[in-house]
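Position chains B and C relative to chain A; hints supplied.
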Amino acid sequence: MAQVKINIIIAGAGQKAKALLELLHSHNAIRILGVVDKDSSAIGIKYAQKLGIPTASDYQRFLSQNEVVEIIDLTESKDAREELGRLSNGNTKVIDSRTSIMEILLQELNNKTSELEKIRAELDIQSWGLQKTNEGIRTLYKELEKKNEELSKLDQLKSDFLSTVSHELRTPLATIKETVSQIRDGLLGPTTPRQQEFLTMCLENIERLGRIINNLLDLSKIEAGKTELKRKLTDIMGLVKRTCMTFSSRLSSKGLEIKITFPPEAIEVYLDEDKIIQVLNNLIGNSVKFTKQGFIGISVIDKGDFIECSVSDTGKGIREEDLERLFSKFQQFGQAVDPEEKGTGLGLAISKGIVELHRGKIWAESKLGQGTRFIFTLPKYNSRQVLKERIADSLRAGLRTQELISVLVFELSGFSALQEKLGRQKAGSFLNELARILEEGLSNRERIIVEADAMFSILKETTKAQALSLKDRLLSCGTEFLKKNGLDRETAIAWRVLNFPEDGSTVEQLCADL
Amino acid sequence: MDEKRKILIIDDEPDLLKVIKNRLESWGFEVFCWATGAGAVKQVLEIRPHLIILDIMLPDINGYDLCYKIKKTPEISSIPVIVATAKQEWQEDMGDIGRFAKADDCIPKPFEPDVLLDKINRLLNK
Amino acid sequence: MAKKVLVIDDNEQDRKIAERYLKKSGYNDIIMAVNGQEGLSKVNAENPGLVILDTMLPDILGFEVCRKIKDSKGPQAPVVIMMTGAVDAVDAVKARQSGADDYCVKTADGGPLLAALKNISDKDIDPHT
Chain A
137 MAQVKINIII AGAGQKAKAL LELLHSHNAI RILGVVDKDS SAIGIKYAQK LGIPTASDYQ
197 RFLSQNEVVE IIDLTESKDA REELGRLSNG NTKVIDSRTS IMEILLQELN NKTSELEKIR
257 AELDIQSWGL QKTNEGIRTL YKELEKKNEE LSKLDQLKSD FLSTVSHELR TPLATIKETV
317 SQIRDGLLGP TTPRQQEFLT MCLENIERLG RIINNLLDLS KIEAGKTELK RKLTDIMGLV
377 KRTCMTFSSR LSSKGLEIKI TFPPEAIEVY LDEDKIIQVL NNLIGNSVKF TKQGFIGISV
437 IDKGDFIECS VSDTGKGIRE EDLERLFSKF QQFGQAVDPE EKGTGLGLAI SKGIVELHRG
497 KIWAESKLGQ GTRFIFTLPK YNSRQVLKER IADSLRAGLR TQELISVLVF ELSGFSALQE
557 KLGRQKAGSF LNELARILEE GLSNRERIIV EADAMFSILK ETTKAQALSL KDRLLSCGTE
617 FLKKNGLDRE TAIAWRVLNF PEDGSTVEQL CADL
Chain B
83 MDEKRKILII DDEPDLLKVI KNRLESWGFE VFCWATGAGA VKQVLEIRPH LIILDIMLPD
143 INGYDLCYKI KKTPEISSIP VIVATAKQEW QEDMGDIGRF AKADDCIPKP FEPDVLLDKI
203 NRLLNK
Chain C
25 MAKKVLVIDD NEQDRKIAER YLKKSGYNDI IMAVNGQEGL SKVNAENPGL VILDTMLPDI
85 LGFEVCRKIK DSKGPQAPVV IMMTGAVDAV DAVKARQSGA DDYCVKTADG GPLLAALKNI
145 SDKDIDPHT
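If you read the sequences in order, they're chains A, B and C.
Each step along the first sequence adds one to the number in our numbering, with nothing skipped, and position 482 is 618.
Each step along the second sequence adds one to the number in our numbering, with nothing skipped, and position 118 is 200.
Each step along the third sequence adds one to the number in our numbering, with nothing skipped, and position 122 is 146.
Hints were generated in silico from the structure; no laboratory data involved.
Heads up, a few of these hints could be off.
Unchecked claim - Calculated Cβ distances over 12 Å to all of chain A for the following chain C residues:
| # | residue |
| --- | --- |
| 1 | K40 |
| 2 | R44 |
| 3 | K47 |
| 4 | G50 |
| 5 | Q100 |
| 6 | Q121 |
Said to hold, decoys possible - The calculated PhoX-like cross-link candidates involving lysine-lysine, where the alpha carbons are at most 25 Å apart (straight line), are:
| # | chain 1 | residue 1 | chain 2 | residue 2 |
| --- | --- | --- | --- | --- |
| 7 | A | K278 | C | K92 |
| 8 | A | K366 | B | K184 |
| 9 | A | K395 | A | K377 |
| 10 | B | K184 | A | K607 |
| 11 | B | K208 | B | K151 |
| 12 | C | K66 | C | K47 |
| 13 | A | K254 | C | K92 |
| 14 | A | K294 | A | K282 |
| 15 | A | K607 | A | K619 |
| 16 | A | K596 | B | K208 |
| 17 | A | K278 | C | K48 |
| 18 | A | K524 | A | K600 |
| 19 | C | K94 | A | K254 |
| 20 | B | K103 | B | K208 |
| 21 | B | K208 | B | K154 |
| 22 | C | K48 | A | K282 |
Cβ atoms here follow ideal geometry from the backbone N, Cα and C, with glycine treated the same way.
Only chain A is shown next, with the shape it has when bound in the complex (with noise of 0.2 Å):
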């Protein structure tokens, strides 16, 4: 909206015209043509300098024909209101400054109130909106808290429910076992050929049931997140011949030779030895399942960070579009080469699991007449990270039910010292011995779990200070037994106290400066 503005001259230069400057000169209804005093220095002459207005001793120049000009008249002297009243016609007019002031300044407060009102109602939406956010966050968190609450009995629940479901499954079927092998083995009285045969293929069943039954919780709980590795640095190829032999009989009655490529160097990884085998174990019989005849292909490859195993066949194949879900639960593809060996449809997506909770990969090649190839990689850890990491486990599980945890951490310096005096094997025996007895030290349900050269414990429901006093405890009997074995100067006991929520209220927080 265009403004109408008033031209307006300010007649004299004194303090008071230096004020009404500084009152106008930036207001939008007002053009201040310009400011006139004979005195050159006066003050609002200064000023209005200053501000950049014109000045001038003389009105001419500010003066016009077509615009209404008000002269506002601050002088205090007779002679220049004579010559002020002479320049007063038309367009010109010298007004009373007062009244035409009062006016703007009445203008500028109903603005500024109406402004401020504005503001204010601006205000008042904004602070609603404040507080119903706050409201709303307040709302939401507490709604937070109570799933967060609820998960974690759901959990405890899936746990409970996985053990009850195994205990409730094996005990009926420990009876029907004993029952039926008590009959075929005579104990109840003689049977016919006939009836042997008979219960000899139902007690084939009830093993067959009992392994699916150990399959599916397998594959419950690591789905539930309840499968804890004890990993422990492991020679990988002495691993995977030992599981080739249990085989061999397997094998050789089937005529199909076994091939395994090693590397030079030996490897050591840090995996847990009953799982890996279990993978294995399924791999490999699966391959002797599958295959009439040719070999089985065994590898294992270093890859620097991890190492790459093979489990290869020359068998009939997998067609491609099968090979995606190879891995899911009861996918059973083609038939046995021996009707006997039924699986589980399940030692797949258990071996996926293992392997991913080995933070490795796990994936299958194939071409249909020409054989399969399973490969998984486990990625070599040092032992500080697999510390880091199962102790960064158990406190997850533990704090699932707690509020208030203890760590404890104790560690072998100088091991790696031990290690070549005593070799390998005796120094590992030595560090589980010492275990032993730090446990016996704790009460009866606490354990300490050792990984690599140090051991640890979780001590639930236990104060920082309850936790140091024990760590003294348990440090003496540690020395002590370090001095009997003569082991006091090449080792020592390097320790660690951490409590949950005291020095971390995140598992992350905790293990950081581990």
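Only chains B and C this time, still in chain A's reference frame:
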């Protein structure tokens, strides 16, 4: 001939007790059964068996605690105990459980008769 | 007599939750709309006394719907409670600026909606009564 060796089975499944009793008797043992944790220690003190087979899941007490209790009672602490369990997590930790509960051996359920006999004989001939 | 309520929300789950808590608060005459367009035409056709309006609709912004409801009906406009899945101060401000009478977050237990409903009946800003 020797007096019959006495075995006490503590398990809350009557059917399973019945068949295990039958099996153990076929091997020539004298078998006693008990179904709860309550009074179990008293039974052991009275019967003084040569060996105890103990289920880890009893209705009233954790079998593991019971085993610990037996092993802490001086008069009977030398009686060998085999803990049996059908629970998955216990099965994985058999070695540890033996170590903790101070049990002498452990066996998963369902068990192989041969394996059980082998374990019993080994402990009795120690 | 309790007034007629229109729930405008594209999420079925959220509609059900709203319906459950509306019934709990004594509103039994409940109609639904799944987008802004349908909502606006139902406001005109059915004259609800209260509208529960989601901020995120598939076709028109919830705020726009709110403004249209309030503009088209003038003083006869229904009470509008806006609901959101997101907590955002700007959203609450926008809701108020578009004329909404209250604003609350969506939760599974419907607590904030119940509180908003109580607020409305306490103030009794229902133009029809």
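Going through the hints against the structure:
1. Separation of K40 of chain C from chain A is adequate, the least Cβ-Cβ distance of about 17 Å exceeding the 12 Å criterion.
2. In this structure R44 of chain C is separated from chain A by more than 12 Å, as the shortest Cβ-Cβ distance comes to about 16 Å.
3. The beta carbon of K47 of chain C sits about 21 Å from the closest Cβ of chain A, which is more than 12 Å, so the claim that it is off the interface holds.
4. At roughly 22 Å from the closest C-beta of chain A, the C-beta of G50 of chain C stays outside 12 Å, upholding its exclusion from the interface.
5. Taking the minimum C-beta to C-beta distance to chain A, about 23 Å, the non-interface status of Q100 of chain C holds against the 12 Å cut.
6. Against the 12 Å criterion, Q121 of chain C falls within the reach of chain A, whose nearest CB is about 6 Å from its own CB.
7. Between the alpha carbons of K278 of chain A and K92 of chain C the distance comes to roughly 34 Å, so the proposed pair goes past 25 Å and is violated.
8. Of the supplied pair hints, the one linking K366 of chain A and K184 of chain B holds, its CA atoms being roughly 21 Å apart against a limit of 25 Å.
9. For the suggested pair K395 of chain A and K377 of chain A, the alpha carbons sit about 11 Å apart, so the restraint of at most 25 Å is met.
10. Restraint check for K184 of chain B and K607 of chain A: satisfied, since their Cα atoms lie roughly 24 Å apart, inside the 25 Å limit.
11. Annotation: proposed proximity of K208 of chain B to K151 of chain B holds, straight-line Cα distance about 22 Å (limit 25 Å).
12. Taken as a hint, the K66 of chain C and K47 of chain C pair is honoured in the structure, with Cα atoms around 20 Å apart against an allowance of 25 Å.
13. Simply put, K254 of chain A and K92 of chain C have alpha-carbon atoms about 23 Å apart, close enough for the 25 Å limit, and the pair holds.
14. As the CA atoms of K294 of chain A and K282 of chain A are separated by approximately 18 Å, the hinted pair is consistent with the 25 Å bound.
15. A C-alpha spacing of about 18 Å is found between K607 of chain A and K619 of chain A, which places the hinted pair at or below 25 Å, so the restraint holds.
16. Between K596 of chain A and K208 of chain B the alpha-carbon distance is near 38 Å, which puts this suggested pair outside the 25 Å criterion.
17. For the given pair, K278 of chain A sits about 22 Å from K48 of chain C by alpha-carbon distance, which is consistent with the 25 Å threshold.
18. For a cut-off of 25 Å, the pair hint linking K524 of chain A to K600 of chain A stands: about 19 Å separates their Cα positions.
19. For the hint linking K94 of chain C to K254 of chain A, the alpha-carbon distance of about 21 Å falls within 25 Å, and the restraint holds.
20. A C-alpha spacing of about 23 Å is found between K103 of chain B and K208 of chain B, which places the hinted pair at or below 25 Å, so the restraint holds.
21. Restraint check for K208 of chain B and K154 of chain B: the C-alpha separation of about 20 Å stays at or below 25 Å, so the hint holds.
22. A C-alpha spacing of about 22 Å is found between K48 of chain C and K282 of chain A, which places the hinted pair at or below 25 Å, so the restraint holds.
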